[in-house]
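K.L.:
Listed in order, the protein sequences are those of chains A, B, C and D.
Note that the first sequence covers residues 1 to 346 in UniProt numbering.
Note that the second sequence covers residues 1 to 346 in UniProt numbering.
Note that the third sequence covers residues 1 to 346 in UniProt numbering.
Note that the fourth sequence covers residues 1 to 346 in UniProt numbering.
In short, the hints are calculated from the structure, not lab data.
Don't take each hint at face value.
Stated by the list, open to error - For each label pair, taking beta carbons as the anchor points, the in silico distance ranges come out as:
#1 B:H340 / C:E91: 40 to 50 Å
#2 C:A256 / D:D169: 17 to 27 Å
#3 D:T44 / A:N279: 11 to 21 Å
#4 B:G185 / D:A256: 50 to 60 Å
#5 A:S187 / D:A256: 34 to 44 Å
#6 A:S336 / D:A110: 42 to 52 Å
#7 B:H340 / C:K205: 36 to 46 Å
#8 A:S336 / B:H340: 54 to 64 Å
#9 B:D171 / A:D225: 14 to 24 Å
#10 A:S187 / D:Y204: 31 to 41 Å
The beta-carbon is built from N, C-alpha and C at its ideal position, and this holds for glycine as well.
4 protein chains.
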Amino acid sequence: MVDKNIKISIVGVTGYSGLELLRLLYNHPNAEVISIHNTQQTHTDISEQFPHLKKMYNLTTMPFDSVYIMQHADIVFFATSSGVSKDLASEFIEAKFPVIDLSGDFRLPASLYKKWYKKEPASDQLLQQAHYSLADFYNNNATYIANPGCYATATLLALAPLAQHQVLDKDNIIIDAKSGLSGAGKSLTSTSHFVNVSDNFSMYKANQHQHIPEITQQLQKWQPDIEHIQFTTSLLPINRGIFISAYVKINDAVQANQIDKLYKKTYANTQFVRIMSQNQLPNIKQVIGTNFTDIGITYNPDTRYLTIVSVLDNMIKGAAGQAIQNMNHFFGLEESTGLHLLAQYA
Amino acid sequence: MVDKNIKISIVGVTGYSGLELLRLLYNHPNAEVISIHNTQQTHTDISEQFPHLKKMYNLTTMPFDSVYIMQHADIVFFATSSGVSKDLASEFIEAKFPVIDLSGDFRLPASLYKKWYKKEPASDQLLQQAHYSLADFYNNNATYIANPGCYATATLLALAPLAQHQVLDKDNIIIDAKSGLSGAGKSLTSTSHFVNVSDNFSMYKANQHQHIPEITQQLQKWQPDIEHIQFTTSLLPINRGIFISAYVKINDAVQANQIDKLYKKTYANTQFVRIMSQNQLPNIKQVIGTNFTDIGITYNPDTRYLTIVSVLDNMIKGAAGQAIQNMNHFFGLEESTGLHLLAQYA
Amino acid sequence: MVDKNIKISIVGVTGYSGLELLRLLYNHPNAEVISIHNTQQTHTDISEQFPHLKKMYNLTTMPFDSVYIMQHADIVFFATSSGVSKDLASEFIEAKFPVIDLSGDFRLPASLYKKWYKKEPASDQLLQQAHYSLADFYNNNATYIANPGCYATATLLALAPLAQHQVLDKDNIIIDAKSGLSGAGKSLTSTSHFVNVSDNFSMYKANQHQHIPEITQQLQKWQPDIEHIQFTTSLLPINRGIFISAYVKINDAVQANQIDKLYKKTYANTQFVRIMSQNQLPNIKQVIGTNFTDIGITYNPDTRYLTIVSVLDNMIKGAAGQAIQNMNHFFGLEESTGLHLLAQYA
Amino acid sequence: MVDKNIKISIVGVTGYSGLELLRLLYNHPNAEVISIHNTQQTHTDISEQFPHLKKMYNLTTMPFDSVYIMQHADIVFFATSSGVSKDLASEFIEAKFPVIDLSGDFRLPASLYKKWYKKEPASDQLLQQAHYSLADFYNNNATYIANPGCYATATLLALAPLAQHQVLDKDNIIIDAKSGLSGAGKSLTSTSHFVNVSDNFSMYKANQHQHIPEITQQLQKWQPDIEHIQFTTSLLPINRGIFISAYVKINDAVQANQIDKLYKKTYANTQFVRIMSQNQLPNIKQVIGTNFTDIGITYNPDTRYLTIVSVLDNMIKGAAGQAIQNMNHFFGLEESTGLHLLAQYA
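Bound-form chain A, shown alone (with noise of 0.2 Å):
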């Protein structure tokens, strides 16, 4: 077997984030975990706790110990609630120690992050070290990599060929987004019980959820004139998958019948993100368990707009699998070591 070279600790592993990381490194070829730390627990043997993982893994977690981290590890992951790396990542920054944070903390400038988040951000210091990574646009080597939210990845993979060549009509980009139960984590409320969820659907944070302005700033950069999307989320009775209807007018510099050529162009040369067939549209379970975005375009000559689908596995490609995509980035790999993840077809 090949060396395991790159030495990851993950940080937050109890959590939906940090248990698929260790599943799907369990398989990297050249990374391997070899410290997991949780903010609460202490010295638990991790496949007692979680008997998924006997035979797999013979690990314990421990405290959070950066310097531990640092002597051990080549690098660390944040698979922490927001409010955690803000404030335990910084002896890494100053250290320039390489961290890829799954949390929304250094996503957005301070101001937004306190608006969008309701706490308190890092120092203005701090979130300028970190680079907003979307691992299918790599364009980065920055050493702290802000790794995109689930509903933000689906959504800018969804509108980047149209942003990018700056066709969206500003006024009229409408994301109807739906997510499955994993990507409100663990957390024990009445809206994660069993019989609120089963056979129900609902909208939650309608125009208030905080991937809003992450999506926002993204697609700024690429159409400077956008300034507000109209973002509603809701959940479905299903545990992964998110599924992107996005309906946006296009102006006249590109054509309807254009579109298709549009997007296979630019997902030409990546590994990740597929393109169906003209008038397909993807459905959520051809991407579970995958790191694929699959994406679909349908035009509608009587209103003009254009309906995109989008759809990810909020824990690989929204989560834990990008995470890995940008790490196999920074340490030069190809991108796609250790994601050759095929969906379930039953």
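Starting from the known structure of chain A, fit chains B, C and D onto it as the hints suggest.
P.N.:
Positioned in the frame of chain A, the structure of chains B, C and D alone reads:
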């Protein structure tokens, strides 16, 4: 017990809507099902075929027989697939015998029916006898009632207060509609196979659903300048329920903070439309098992889009329940008779 | 409308059973809920807290107040968790005021309650006033009715015809019981989190469920030599429903081909137990939303084991519906009053 | 990358098991799928037909062609329905070309096959060439491998430690087995329609499942006095997973407190059977997506019944995964090659 004086025949009793009519009519104090008909099957004990009806119904299916029905019943319900009543209902129309048609055969003018249903329409002469009856806006006592479609009911009730005041921006009426699987009926297709539906979410018939012209023509009656709606439909991994997310802009004739009032006023005298408290949005589960349509509204000052959510039970308000509501109107009964239905909380 | 002459108070109205009582009693022609009580909360508009009750109930929760209840109501339902009624119900018992208790507090002798519920029991004096009332075998008009548990009802109805004829092989009574999640109530635990329930199935409380002594003591009344049952419980990823698979051997006093007849005879005069046609087995869905228990039987000549399947809706027959059936008996009403409920087919 | 030296053909590639083989073999370091065959379809681009395979497989289905397969491949997998390989596989048997057969056609002697499958069996001569290979008890290097059924694998692994020590009370072996829907395959029947499966649970083929003789004959090899098992199967409203609840009595040769030790010893050297910690029972989700069988045991001193729970993924350990494990054995590879699969936690 009250004399159950209204005698009812049901054609198409073994489909989902027919079985739901049987279920609801069991407890109707003034009506009784006296014959059940099936276009294919004959002479089957309905409670042997459907054990959930044991000890409740003692009826045998009969072949379709218009003479029998007109001799013994006071009204006939067609709970048939599209394409059936346009042929079978003509005798009733000619005899001016009361019909409530749950199918789409008499909802559209001939040309639109042909275009969207891809079937030969009924004759113009017959079509003119039918009245499209959105039960919560009851305004007619036609003998042939075309009962509205499930998506159409949910969408029209969501938009009626705005369209009736003609304040919709006609170019940006975007409906992202979702339905549970019972809306697709009993037919066995790969899209109804459990493995393909469970843990999945998919868009289908984008811009092509046959309820689009049904919605548009009714909106036009309220606000004549409306020509088109942007309308997509998606499949939820649940049995019942429709969830409409409508994104619309409104013109200056009405202010955003007046919208709540407008909705409450429009539906003040209805029994089956409930407007949620300000900024609260309904979920599907709170209407399942009931004849209610629940509506919530939220306004985004940044995008100037109004989000309107409406939910209903597609088998009740979207089919059998509204049909009974229409029947109650026709016979001069209180419209909620037999429809005092509450949702299961757990 | 008929005079709703029976006045009802409900204690514990915001739990699943309390809300189900509200739902079912809405359509009871002879009864009316006049006050609702919650042990924690006070003075909340019930339809603000639970929007599915809008336009149906105009009631405000009150703190528990036994004096108020005895002055204004004719009967009180305890829809509380175990450990509540044993303390709160004593005043009613002393005043001989009618109580129907949906909790387990008065179903067992003190010693068994202590062992299985791990709580202090009510006093022997109070316990003796209570009558365990399996409604389909009504035989008493006690003022304090201990309403049976959901698993217990399904199991006892499945085994009653055999136990009453004392033909069960006492050493091989094996019950593999499954329940939907509503049986576990509203409390937020990791075992009720959607992500842990969906796509999953798990056994819990094997040999330790508190309904075991409840079942055993009733079986003993019918067949005194029965000492123990092998009873496990598993969690289905659905909201409602109980499915009992019972595997039993029978002694030579009865032949396998007589079993069907025995079951049909035992339940010939009941309204809410339906025996399936020979070799047909019921599924959960055909009883959801109803007060029925459906039972099917199949015999294996190779193993000499009889398989008995019984299904019911844990919230109705297993809780609120049976409680109303018991109330109907108590007040001399026809036992199905208010309980003419049919299952949704789709 | 390692040379993928084993060349594989798959017959029946468009069924669930065939697609799962494609999925798993993608990441097998020593094997490669070189041709895919379908008994009906011909010359279809597999990733056009199944979009989840886009960017992963560039293969076109071919009609079945035994000559082509024997010329180009090293081994052929039959992932066909029962009744196919008994006809198509004879040429391979005669040529002593390696076959792994996932169907039931070569698991039983002719008379039992005829009785339980209700089809004409293969000839005795052919049947004798096949070896039933429970991969975790690998003991043969036959060229024709009859891969065990899903229920059979779960049941046999649950009972093996007891049967091998001949301590089972032969008259009381009761198996209550449950499966997700993928076990029933892709065929469209009313029992696979989403509306009939969702929110439901039903027993089917009680005492008649074709895995009964498969289990019994293997148990007999271990403990010859076993004649019959009491075995029922039920359908869970989930896609994947088998859950076996076995209730057995053991004779005096072994004490209840020795059982844990017995299980741990039996499986000490296996890679894919995990015994839970004392009194812990596994749930389905912890093995989905993996080749593991997890087993938990609990003893009831009152009834003297032992409850054994075993869980596995019916598409992997119950089909494609075990087939690959058998292939690894056949070619002398480490048995877990390509099968390092972890369950998704969320």
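K.L.:
Taking the hints in turn, state whether each one holds.
P.N.:
Status of each hint after checking the structure:
1. B:H340 / C:E91: 40 to 50 Å: violated, 34 Å
2. C:A256 / D:D169: 17 to 27 Å: holds, 22 Å
3. D:T44 / A:N279: 11 to 21 Å: Taking Cβ atoms as reference, T44 (chain D) and N279 (chain A) lie about 19 Å apart, which means the hint holds.
4. B:G185 / D:A256: 50 to 60 Å: holds, 54 Å
5. A:S187 / D:A256: 34 to 44 Å: holds, 40 Å
6. A:S336 / D:A110: 42 to 52 Å: holds, 49 Å
7. B:H340 / C:K205: 36 to 46 Å: Between H340 (chain B) and K205 (chain C), where Cβ atoms are some 38 Å apart, the hint holds.
8. A:S336 / B:H340: 54 to 64 Å: Distance hint for S336 (chain A), H340 (chain B) holds at roughly 59 Å.
9. B:D171 / A:D225: 14 to 24 Å: holds, 20 Å
10. A:S187 / D:Y204: 31 to 41 Å: holds, 38 Å
The structure shown violates just one earlier hint, number 1.
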